[in-house]
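**Student:** No gaps in the numbering here: position 9 of the sequence shown is 8 in numbering that gives the first Met the number 0, and each next residue is one more.
None of these hints come from the bench; they were simulated from the model. Quick reminder that beta carbons are idealized off the backbone N, C-alpha and C, glycines included. A few of these clues could be false.
Ranges between beta-carbon positions, derived for each pair [to be verified]: (1) Arg86 with Ala32: 26 to 34 Å; (2) Gly120 with Arg89: 36 to 44 Å; (3) Ala42 with Leu128: 23 to 31 Å; (4) Gly120 with Leu38: 24 to 32 Å.
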Amino acid sequence: MTNKRTTTPSARRDWLVPASLIGLSAVPVAAGAFRLTELSAGAEITPDNARFFAAPLPIVLHILSVSVFAVLGAFQFSSGFRRRRPRWHRAAGWVLVPSGIVAAASGLWMQARYELPEGDGDALAVLRLLFGSAMLASLLLGVVAVWRRDFVRHGAWMLRGYAIGLGAGTQVLTHVPWVLLVGQPNEDARALLMGAGWVINVAVAEWIIHRRSMTPPAPARAAVQLPHAPV
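Please construct the entire structure, taking both the sequences and the accompanying hints into account.
**Tutor:** Encoded structure:
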């Protein structure tokens, strides 16, 4: 008699969040891949991409690191996957934390050194510096927390950093209704829509952190608690 492996509803739910996060990051990752192709193929230089051709290293580092951070980080939200592969969390952390730090640092560098493209204004520049700095600080604080073996704070800081890093995905969702109903946003509207994407992600992260703090650890869960490492 052949045993057939069935997928239970709980297993499907366990993969729902990682799949949703990968889907959320799909458009920014695809846009980054297009930009890398443009740079490697020597596309025509235009006012929109001239700054990237003039200094390609920061944008290349940013695209590669953000893509790894967004996609690989999504699997950290599958508790079943982590239980089946006990070493996954630690091994992934050694990749995710440096990727996130490079993503945040390169984003800050580009905002500080690249010329502002058309459609961006001072308000959006301030928001990028604010949230980029917050992402970098969150990841560094997460590393400090795990060194102190404070795994609760480690998880909270890593979640905040991941939420900010995934802001580009949510910004697609905030822009689409505006473009469909109103048209291309001006500088002020663009800053508002971009800021809304980051704020939504941070709000969701804080809600998750609050829920975790209100849920006492069950004995069964404590028995299988794994050593944590970054992310």
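**Student:** Run every hint past the structure and note whether it holds.
**Tutor:** Hint check results:
| no. | hint | verdict |
| --- | --- | --- |
| 1 | Arg86 with Ala32: 26 to 34 Å | holds, 30 Å |
| 2 | Gly120 with Arg89: 36 to 44 Å | holds, 43 Å |
| 3 | Ala42 with Leu128: 23 to 31 Å | holds, 29 Å |
| 4 | Gly120 with Leu38: 24 to 32 Å | holds, 26 Å |
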